[in-house]
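Read off the chains here:
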Amino acid sequence: MSLLEIRNVTRRFGRLAAVDRVSLSVDAGEFFTLVGPSGCGKTTLLRMIAGFEEPDEGDLLLDGRPLAGIPPERRPVHTVFQSYALFPHMSVAENVAFPLQMAGTPARDIDGRVREALELVHLDDRAQHLPAQLSGGQKQRVALARALIGKPRLLLLDEPLAALDAKLREQITGELIALQRAVGISFVFVTHSQHEALALSHRLAVMNCGHVEQVGSPEEIYARPANRFVAGFIGTINLLPVEVREATPAALRLFAGGLGEIISTPQPGLCTGDRGTLALRPEQVRIIADGGDPMTENRARGSVRDCLYLGDVTVYRIAIAGGVVIEALLANRDPGVNRFLERDAPVIIGWARDSGVFLRD
Amino acid sequence: MTDDQANRRPAGMAPRPGQWLVALPPTAFLLVFFAGPVLLLFAASFLAPGDFGGLAPVRQEGRWALTLDAYGFFFSDWIYAEIFLRSFVVAALTTVLCLVLGYPLALAIAQSPRRRRELLILLVVLPFASNFLIRTYAWIIVLGPMDLLYSPVAVIVGLVYVHLPFMILPLCINLEKHDPALLEAAQDLGAGVWTRFVRITLPLSMPGIRAGSALVFIPVLGMFAVPELLGGTRDILIGNLIKEQFLDNRDWPLGSTLSVLLTVAVLLLVGIAAWAGRPRESIS
Ligand SMILES: Nc1ncnc2c1ncn2[C@@H]1O[C@H](COP(=O)(O)OP(=O)(O)OP(=O)(O)O)[C@@H](O)[C@H]1O
Ligand SMILES: [Mg+2]
Chain A
1 MSLLEIRNVT RRFGRLAAVD RVSLSVDAGE FFTLVGPSGC GKTTLLRMIA GFEEPDEGDL
61 LLDGRPLAGI PPERRPVHTV FQSYALFPHM SVAENVAFPL QMAGTPARDI DGRVREALEL
121 VHLDDRAQHL PAQLSGGQKQ RVALARALIG KPRLLLLDEP LAALDAKLRE QITGELIALQ
181 RAVGISFVFV THSQHEALAL SHRLAVMNCG HVEQVGSPEE IYARPANRFV AGFIGTINLL
241 PVEVREATPA ALRLFAGGLG EIISTPQPGL CTGDRGTLAL RPEQVRIIAD GGDPMTENRA
301 RGSVRDCLYL GDVTVYRIAI AGGVVIEALL ANRDPGVNRF LERDAPVIIG WARDSGVFLR
361 D
Chain B
1 MTDDQANRRP AGMAPRPGQW LVALPPTAFL LVFFAGPVLL LFAASFLAPG DFGGLAPVRQ
61 EGRWALTLDA YGFFFSDWIY AEIFLRSFVV AALTTVLCLV LGYPLALAIA QSPRRRRELL
121 ILLVVLPFAS NFLIRTYAWI IVLGPMDLLY SPVAVIVGLV YVHLPFMILP LCINLEKHDP
181 ALLEAAQDLG AGVWTRFVRI TLPLSMPGIR AGSALVFIPV LGMFAVPELL GGTRDILIGN
241 LIKEQFLDNR DWPLGSTLSV LLTVAVLLLV GIAAWAGRPR ESIS
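Here the protein sequences line up with chains A and B, keeping their order. In case it helps, this note's numbering puts the first sequence at residues 1 to 361. In case it helps, this note's numbering puts the second sequence at residues 1 to 284.
Isolated chain A (complex conformation) (with noise of 0.2 Å):
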């Protein structure tokens, strides 16, 4: 049985279905991310589980038990909230004892799990500050302990890395997936940022307007995406329109205006004349210099747009007859050796038949 279940949930303000038939499931000891655009519900549907709000329909089960009715204060789930919310009047070691004194931990106890819970987020240090000494990386963690230190069934976190630069969250983002590990409870997590849910999660729910439109493993939702949004929201792709030549169970004939026919992985259920989209990811899409062979299955000539240097990678924007334009990435393995393709230059681009995902329309 998983630890909390959300059935056919739907939540209204005013004519806006904010959370629309969601169906979830978190199982226990689970790291799991809900996923998506601003505005898509992620907040709302938190705010349910953690009792603010109640479901117009549907319900939640923690446990097996249902939670309707029962107020926040009583439901054993905590949340980091996205500003923190720390209580300024108390030091840091007041604001991590709190959950224990509301709890009824004799206190005798409490220092002992306090300065526990303080060097599981390594601000032992800190204890007596008041939060507004601490930089936003410390209030972070602070919450963290603060909101761990009960051994809350499920904890939420609503874009606990939102405030912080990109150096710290990356550092965070690996704390995270450690201290997960080491309390074992189940972690809701709750962030716009496809690299986060992808890093962080075992399993992840996309949204969209209140739905939900995938849920799986990282690896199933990047390799496999459901549909046009997924394909697009999580990570970058090459969206090629695409109609459907030859459907057996062998190969999956297709053929796009300007690339011609393309060969792609056999799906069941498909059958001439269906339309739809090729996803193809830039890093399974290989490109070589004119001339020379990409030892792929489909091929394409064309000639660089224009490039983008990252630093680890390259992104080459590839010009195809009929105006497609193809992205494709190029380790840089050998700095400045792999520089090589100049604006205009012409190419051959190739992928594997088994790169790339038809998606129906």
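Label-pair ranges, simulated between beta-carbon atoms:
#	chain 1	residue 1	chain 2	residue 2	range
1	A	Lys167	B	Arg278	34 to 40 Å
2	B	Leu148	A	Asp111	52 to 58 Å
3	A	Gln101	B	Tyr137	51 to 57 Å
4	A	Arg108	B	Ala276	28 to 34 Å
5	A	Arg74	B	Tyr137	53 to 59 Å
6	B	Arg16	A	Arg317	51 to 57 Å
7	B	Leu148	A	Ser83	47 to 53 Å
8	B	Ala276	A	Ser2	49 to 55 Å
Simulated coverage check for chain A against chain B, where a stretch passes if three residues somewhere in it have a Cβ under 8 Å from a Cβ of chain B:
#	segment
9	67 to 76
10	87 to 97
11	146 to 155
It should be emphasised that the hints constitute simulated quantities derived from the structure, not laboratory data. Here the structure is a predicted model, which is why all the values come from computation and not from measurement. The C-beta atom is built at its ideal place from N, Cα and C for all residues, glycine as well.
Dock chain B with the ligands against chain A, hints included.
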């Protein structure tokens, strides 16, 4: 953020000359019209009363005519100290009642939606639109039939009525700045409604409580109109006593002495309150 934090200047930021320039006119005004009279009052308390009221000349027969008579007079009769004490008790009681009555109202106002909040605040200050003496007279009509007129109860009722807005406004200003996320966080971590109030709202509103209390407590000590109109002969406060010295007894030095002693007592109290409620310093 609390008021204390907002008022603290970031370390290493010196006031610029322009700031002094801007502060000059109000400073000059206060020096001339506040500090000046206070000094005059202080000086007057060491003089003798004039033969027909006012003050005796400072120099008489080529000698400084300074005397501690007025102070001696104050301490010679227990009745003055008693009036002082009673005034402080009345002021404290008024402050507590204003706080108890005003806090829930301020909280309700601060938590109501913006448009309604403005309307409610307008209603709180609306009594100022009519004259304060007239409003106090109105209480005579209200309390008369209830057989409460000319009693300490009537005085307290009148004082609370007059000063309630001075408690509510600073509390509102403080409470509406509270981040609602703090209460949600407390609730999320297991705090019920009463605990949330005691642990979060109340401590964070201390600057508002202090400001409101000062705005009620100190003016009540100097108030003479309300006790005079609503109280009995035994209900006079320091304010009445001082007024009497200047207008009825024509003993300016005693009036000045009473004023000086009142100021000293208030400063002492404010000092103690400020010390007790000083912002927390962290240990670093
Ligand atoms: N209390 C409310 N009253 C009315 N509408 C609301 C309320 N809360 C949320 N909404 C609406 O519901 C939708 C979903 O909001 P929500 O805050 O859940 O989005 P989100 O996915 O968390 O977005 P973000 O990434 O920007 O935080 C939005 O269109 C928002 O305007
Ligand atoms: Mg949100």
